[in-house]
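With the sequences and hints as input, model every part of the structure.
Top to bottom, those sequences are chains A and B. Numbering-wise (numbering that gives the first Met the number 0), the first sequence opens with residue 0 and increments by one. Numbering-wise (numbering that gives the first Met the number 0), the second sequence opens with residue 0 and increments by one.
Since the hints were derived computationally from the structure, they do not count as laboratory data. Predicted model only: the values in this text are computed from it and were never measured. Errors might be hidden in some of the hints.
Straight-line distance between alpha carbons at most 27 Å, and here's what the computed DSS-like set of lysine-lysine pairs gives [stated by the list, open to error]: (1) B/Lys18 to A/Lys71; (2) A/Lys95 to B/Lys5; (3) B/Lys18 to A/Lys73; (4) A/Lys213 to A/Lys19; (5) A/Lys95 to B/Lys377; (6) A/Lys130 to B/Lys18; (7) B/Lys380 to A/Lys19; (8) B/Lys231 to A/Lys95; (9) A/Lys35 to A/Lys183; (10) A/Lys70 to B/Lys218; (11) A/Lys213 to B/Lys219; (12) A/Lys95 to B/Lys218; (13) A/Lys73 to B/Lys219; (14) A/Lys19 to B/Lys219; (15) B/Lys219 to A/Lys95; (16) A/Lys283 to B/Lys18; (17) B/Lys231 to A/Lys231; (18) A/Lys130 to B/Lys377; (19) B/Lys123 to A/Lys130.
If you want the footprint, here are the derived chain A segments under chain B, 3+ residues with CB under 8 Å [unchecked claim]: (20) 79-88; (21) 286-292.
Using N, Cα and C, we set each Cβ at its ideal position, and we do this for glycine too.
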Amino acid sequence: MAKVTAENVIEVRDVWKSFKSVQAVRGVSMSVPRGKFIALVGPNGAGKTTLVEMIENIRRPDNGEIRILGKKWKGNEEELRRTIGISLQQTYFIDKLTVYETLRLFASFFDLDRERVEEIINLTGLDEKRKSYVINLSGGQRQRLALGIALINHPAILLLDEPTTGLDPNARYEIWNILKSYRKTSEASMILTTHYMEEAETLCDYIILMDQGKILREGTLQQLLEDDKGEKVIEFTVENSLIPPDIDKPGLPFKITRDQEGQKAWVTIKDFDEQMPLFLTYIKSEGLSIKHLECRKKTLDDLFISLTGRRIDG
Amino acid sequence: MVKRIKPYQLWQLTSATAKELLREPGVIFWGIVFPVLMALGLGLAFTKKAVTVRKIAVVAPERTEGFSVSHLPFHEFLDKYGKKNTVASTEDYMWRVDIRDDKLGDYEFLFYEMDRNTAVMLLKRGTVSIIIDDTSGETEYHFDPLNSDAHLTYLKISGLAASVRGKAETDYQSEDEVRPLTLSGTRYIDFLIPGLITMGIMMSCMWGISYTIIEKRSKKLLRRMVATPMRKSHFLIALITVRVTLNFIESFVLFLFAFLVFDVRIQGSLPALIIIFLAGNIAFAGIAVFVSSHTSNTEVGNGLINFVVMPMMVLSGIFFSYHNFPEWSLPVIQKLPLTMLTDAVRSIFNEGAGFSFIAMPALILVATGAIFFAAGLKIFKWY
Ligand SMILES: Nc1ncnc2c1ncn2[C@@H]1O[C@H](COP(=O)(O)OP(=O)(O)OP(=O)(O)O)[C@@H](O)[C@H]1O
Ligand SMILES: [Mg+2]
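Below is the structure:
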């Protein structure tokens with residue numbers, strides 16, 4: 000995937016960025032093939048926003064190279080700005096401007112007129128709110144407006160930073176639907192950052208798992224989950240007590256991780272028949288008795304936990 | 000590299016900026032109503048002549064049997080000319096002398112009798128402005144000659160006492176030679192209105208432009224906007240255009256009010272006034288862009304704006320002439336942008352000045368604005 004082909008609309012090569020004391024991005028290389036939606040997934044502080052903002056040219060990398068459509072930002076700013084559509088992790092628009100006026104303003108930056116504004120209002124379902132001030136919009140409506148602004152110039156490349164964070168499931172589906180319908184009518188490519196597995200799974204073709212400024216794993220969802228040699232994750236709770244912090248001992252044939260309070264834990268098992276009895280014996284020998292046991296499909300979260308020992312959203 | 004102006008984009012930016020401004024309810028009040036109220040309040044307070052009241056201590060004589068005022072000249076004067084306070088207690092005044100004067104304002108002198116030590120104490124405290132002692136048979140006036148107010152009180156009373164003694168019962172006041180300056184252009188209100196106009200320009204540019212930029216930066220809106228092909232220059236032009244237009248309306252309303260209520264007039268050249276007005280706007284818009292070029296913290300912005308605005312508010316002679324400041328400081332004060340603007344506008348209003356007088360200040364103000372604008376743009380943080 001990191002191979003550079005003419006078909007890649009975005010190429011990032013060995014990019015580094017540090018702030019005073021923090022190394023936010025440490026040698027990231029990635030590429031986005033034409034027409035693909037890529038999810039950038041990682042916990043808080045992983046460096047997702049920093050990376051995306053460098054691709055957007057609103058931050059400069061300390062080191063490394065970024066090309067969009069084979070071109071560097073320097074000297075091609077005007078052209079590239081017309082090609083990409085972005086939404087920042089957090090932006091406020093002008094409080095006392097209506098939805099319609101805000102779209103008109105942004106349309107004018109791309110020399111687009113009323114017609115495109117109407118299309119965006121339809122696409123984002125904001126017709127009822129066209130005369131409302133931005134400050135009076137709900138969180139979901141505001142995110143739809145931000146997305147509408149990102150789409151206003153028919154971008155070939157979309158860079159969206161957590162477009163659904165903080166929204167309820169319904170509002171999230173609405174955003175997903177807008178993106179899906181935009182994809183149908185365009186050849187767009189996208190990088191989307193998110194904390195939500197489901198979002199990455201439903202919207203994106205390819206997932207990049209990021210942690211502490213580095214790429215941890217990448218691939219399609221299937222590749223990522225299979226990658227782990229058919230490991231299974233079993234979630235369990237115990238009777239009458241919490242799971243002690245030292246439950247995972249070195250030398251055990253399986254790996255146990257628990258949540259912060261010790262209410263729940265997960266055991267990762269490779270061979271069910273062989274290791275399951277060993278696990279049950281081990282739990283008994285620790286003086287605990289299993290209350291609930293659930294074997295479920297492995298998720299990105301499980302993968303992340305097995306790689307780092309931490310959860311993505313905690 | 001100068002790029003062509005995009006009228007449609009510029010128009011959208013200007014109209015958005017104007018709408019944003021006008022939809023903020025405080026803007027009309029603070030920008031237009033408040034200066035008018037201030038002009039009204041200060042204009043009335045300093046233009047209408049009020050009654051001046053002064054308290055005077057009179058050293059009490061020993062009132063033995065057979066006491067008479069015949070050898071106490073000032074007491075004699077008070078008995079004859081002053082109105083005795085019929086409900087006099089020790090706290091209250093004993094005599095009152097009124098001087099009615101339609102031209103220079105009415106005076107009311109209140110005389111308190113007390114022993115010498117108390118009188119000196121009250122003089123030190125500033126409760127009384129002079130002490131009059133006639134116990135020796137001669138009228139003695141005690142006061143600080145450097146205190147011009149006490150001096151004036153002395154002149155008024157001694158003159159009155161002398162005239163009463165000289166030609167009793169005749170009118171002591173002479174009508175000649177007193178011609179108060181009530182001509183247009185010499186009253187306090189004439190001094191004040193140009194100052195309020197120029198102060199309005201400074202405040203409106205500094206707070207309006209700087210604050211808008213800093214706030215948009217801190218909300219990441221600036222960053223979102225320049226992540227489009229928006230022309231950065233258009234954003235700033237729109238912001239400044241809207242401000243200058245608002246300033247023009249503010250100044251016009253204030254002037255109209257002053258003209259209707261106080262008959263304040265522009266005696267000099269109107270085109271010259273418009274040019275210096277624009278020059279002032281350019282100067283402060285440039286300074287505002289410079290001040291807001293870097294920070295995204297509104298608190299820091301607050302401090303920076305105050306740092307620029309405060310000294311000029313105090314020194315530039317908006318409310319009172321700066322000629323009372325020490326001699327050595329005047330050359331500095333006169334070079335502050337607000338002083339230059341205010342002096343020029345005042346001279347057009349009140350002295351009938353024209354182009355020749357304002358050409359230099361206008362040039363300097365435009366240059367100041369241009370330099371700050373260019374420097375600000377150089378270090379401007381859009382992201
Ligand atoms: N302007 C900045 N100054 C200093 N440190 C910064 C700055 N921006 C980001 N960082 C640091 O860089 C690291 C990466 O931040 P970044 O915002 O890229 O993370 P993220 O993956 O987007 O996190 P989140 O999911 O919370 O949005 C963090 O440790 C953050 O504190
Ligand atoms: Mg982020």
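Each hint tested on the structure:
{"no.": "1", "hint": "B/Lys18 to A/Lys71", "verdict": "38 Å, violated"}
{"no.": "2", "hint": "A/Lys95 to B/Lys5", "verdict": "25 Å, holds"}
{"no.": "3", "hint": "B/Lys18 to A/Lys73", "verdict": "35 Å, violated"}
{"no.": "4", "hint": "A/Lys213 to A/Lys19", "verdict": "18 Å, holds"}
{"no.": "5", "hint": "A/Lys95 to B/Lys377", "verdict": "30 Å, violated"}
{"no.": "6", "hint": "A/Lys130 to B/Lys18", "verdict": "14 Å, holds"}
{"no.": "7", "hint": "B/Lys380 to A/Lys19", "verdict": "18 Å, holds"}
{"no.": "8", "hint": "B/Lys231 to A/Lys95", "verdict": "22 Å, holds"}
{"no.": "9", "hint": "A/Lys35 to A/Lys183", "verdict": "12 Å, holds"}
{"no.": "10", "hint": "A/Lys70 to B/Lys218", "verdict": "30 Å, violated"}
{"no.": "11", "hint": "A/Lys213 to B/Lys219", "verdict": "26 Å, holds"}
{"no.": "12", "hint": "A/Lys95 to B/Lys218", "verdict": "14 Å, holds"}
{"no.": "13", "hint": "A/Lys73 to B/Lys219", "verdict": "22 Å, holds"}
{"no.": "14", "hint": "A/Lys19 to B/Lys219", "verdict": "21 Å, holds"}
{"no.": "15", "hint": "B/Lys219 to A/Lys95", "verdict": "16 Å, holds"}
{"no.": "16", "hint": "A/Lys283 to B/Lys18", "verdict": "71 Å, violated"}
{"no.": "17", "hint": "B/Lys231 to A/Lys231", "verdict": "55 Å, violated"}
{"no.": "18", "hint": "A/Lys130 to B/Lys377", "verdict": "38 Å, violated"}
{"no.": "19", "hint": "B/Lys123 to A/Lys130", "verdict": "69 Å, violated"}
{"no.": "20", "hint": "79-88", "verdict": "holds (count 4)"}
{"no.": "21", "hint": "286-292", "verdict": "violated (count 0)"}
Of the numbered hints listed earlier, those contradicted by the structure are 1, 3, 5, 10, 16, 17, 18, 19, 21.
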